[in-house]
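A.B. asks: Those protein sequences? They're chains B and A, same order as listed.
Here the first sequence is numbered in the numbering used here, starting from 1 and rising by one per residue.
Here the second sequence is numbered in the numbering used here, starting from 1 and rising by one per residue.
Everything labelled a hint here was simulated from the structure, so no lab data went into it.
Don't take each hint at face value.
Quick look at which bits of chain B chain A covers, simulated, 3 or more residues with Cβ under 8 Å [unchecked claim]: (1) 2-13; (2) 223-232.
Calculated pairs, EDC-like style, for lysine to aspartate or glutamate (alpha carbon to alpha carbon, straight line, at most 20 Å) [unchecked claim]: (3) B:K62 - A:E16; (4) B:K62 - A:E13; (5) B:K67 - B:D55; (6) B:K62 - A:E14.
Here are some chain A residues pointing at chain B (derived, C-beta under 7 Å) [said to hold, decoys possible]: (7) T47; (8) Q49; (9) E83; (10) V85.
All C-beta atoms in this analysis are idealised placements derived from N, C-alpha and C, irrespective of residue type, glycine included.
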Amino acid sequence: MLRIKNLEAGYGKLKVLRKVSMHIRPGEIATVIGANGAGKSTLLKAISGLLSSRDGEILFEKQDLRKLTTEKIVFLGCSLVPEGRQVFATMTVRENLILGSYVQYRRRKPEEVREDLERVFLLFPRLKERERQLAGTLSGGEQQMLAIGRALLSRPRVLLLDEPSMGLAPLVAREIFSHISRLRKELGLTILLVEQNARAALSIADRGYVLETGKVVLQGPCEDLLANRDVQRAYLGRDRNGYP
Amino acid sequence: MHWEQDRECMDREELEQLQIERLQSTLNRVYAHVPYYRKKFDEEGITPQDIGSLSDLPRLPFTTKEDLRGNYPYGMFAVPMREVVRIHASSGTTGTSTVVGYTRNDIKTWSNLVARILTAGGITKDDVVQISFGYGLFTGGFGLHYGAERIGASVIPASSGNTARQIKIMVDYKTTALVATPSYALQVAETLREMGIPMSALSLKYGLFGAEPWSDRMREEIQERLGIVATDNYGLSEVIGPGVSGECLERRGLHINEDHFLVEVIDPETLAPLRPGETGELVITTLTKEAYPMIRYRTRDLTSILTEACPCGRTGRRMTRVAGRTDDMLIIKGVNVFPSQIESLLFEIEGTEPHYQIVIDRKGAMDEVTVLVEVSENIFFDQMRKQREMVEFIRKRLAHDLGISVEVRLVESKTLARSEGKAERVIDNRRL
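Construct the complete structure from the given sequences, taking the supplied hints into account.
C.D. replies: What follows is the structure, encoded as structure tokens:
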């Protein structure tokens, strides 16, 4: 569904991604794990057109996203849930959600938007309860739900999630991960999940990529990655001592 | 029947994406963790980042058996020893052995790949599989064992040797599939005859043979004498062991597990890449190995790539059955001769047994080749004229087909040494 080949991207002179290749099949949850600064967010920014990449290709159902603007990419069905949620604090939950339905500056038919809103409320009843509340007053977990809900209003087929568990208490993070699994099960979404919480990401995803200093050093089914000692040591916090 | 249908029947475009992803991550790992590769890449002025597509592969340096020997025992390992859960060594068909390692994931991958090959060869969980490969440092025994267990078949780890006992097991335990070298399969057939056990006493249906080159004639012989369907499979310890490729029941070449191995065929002299259909040396790059990744390993096995679709539905490319090794090619009086050519010829001749040995001597500056051929007992004693005719006939056929003259000597049945592992077909007494 999404196929990336030799992607190179960075900021100014700084090269962050070096020949990154990966793919996601329809209905799959793929995850990218890696340390801070490995290039995980850069990857998602490049896919969603927020950062222009220098080289390579990003094929979304045969279209090269590299040539398209972010609005067009969202319109095609590839939406980003940004790192740090980025909800509009001074707007209500409902307003935040409706913002997600503006695709290419054109608002959808009101009844369609209402349907979509209901679907999001069904998925996240908490948002329904807080519908009229200002987004800034929500807890971290609720803001994350709102950020996901907002992305859903653009009717994506591929959802890019950037560190959804960041800054959340472990229990809340667990709740968010179970919501992500539901997005696939109930909405049939294809998901690319970027996470620092490697254990949680690998346990809900099908396949994973390990990014180190902008390069993919390992890839494979999540169960294989969980069994890999390098992954355990570097990302699962096991085996810290005794390694030569 | 497929073991991992989604993998074995992947469409080409999807496969190639997976291959490049896996190749790039393998290169990133070997460059970081194997000093030998880093040095070699640096010398060639190449980094993993220079490889953006599968067509860039020829830019990477080859790895040879000598390189592995130079890094004996653990120099080519890409993980620390504590992550290695298994060590095997090459069977040392030629020269010193090399040591290879597996992580837990490697063992899992290996088991799955062998399970694919066994499934392609007709094996299911209902089979009783007798593994008559040696268990030990040789990858054959354990490789097939784990694969057969993965499928859920009932595995008999008979190991090699003691053929009479093997046959007793085969009959009593109702073995349905035999896994061995083809030459051992023939020995089993022969011992059966000696013991006076009819084919009907066996429950055998399938045979999966590998670890040495064997001709189609030999296959027919084995099939006929054991009453089985025989398939060929291929692998080598430097790459993973058995599990690289194997025939399906169509038997139109060996399906390569291309999602785990990148294959190329090159001219062994000029090293230039060859096109599909052209016979040359097989070169393999591993895509998923953790402990012992191999970059462009020159296998010295001679084969060619087949690209046409196979009716079995597997989409990966196939390789033709290995015709020999670049290093068992005999250069006799300047002519290239493979023992397998001589084997095919002998199988065509009535009255000969499928056991032979090629002895090469050098008298002065000339090579002298003697082919020792076993003949069935009934023609040996009384019929001198018949014997002479046969010698003459074989000599002419060999001279005609190989382009060199050889001596032929008939020997009594069972006088040539039998091997339980790989057959020793050539005795080269030349000091070259």
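A.B. asks: Please go over all the hints and tell whether each is borne out by the structure.
C.D. replies: Hints versus structure:
1. 2-13: holds (count 3)
2. 223-232: Coverage by chain A holds here, the residue count being 5 at a Cβ distance below 8 Å.
3. B:K62 - A:E16: 15 Å, holds
4. B:K62 - A:E13: 12 Å, holds
5. B:K67 - B:D55: 11 Å, holds
6. B:K62 - A:E14: Cα-Cα ~12 Å, so holds.
7. T47: 9 Å, violated
8. Q49: Check passed: Cβ of Q49 of chain A comes within 5 Å of chain B, closer than 7 Å.
9. E83: Holds, because the Cβ-Cβ distance from E83 of chain A to chain B comes to roughly 5 Å (cut-off 7 Å).
10. V85: This hint is violated: V85 of chain A lies away from chain B, its Cβ roughly 10 Å from the closest one there, beyond 7 Å.
Consistency with the previously given hints fails for numbers 7 and 10, ordered from lowest to highest.
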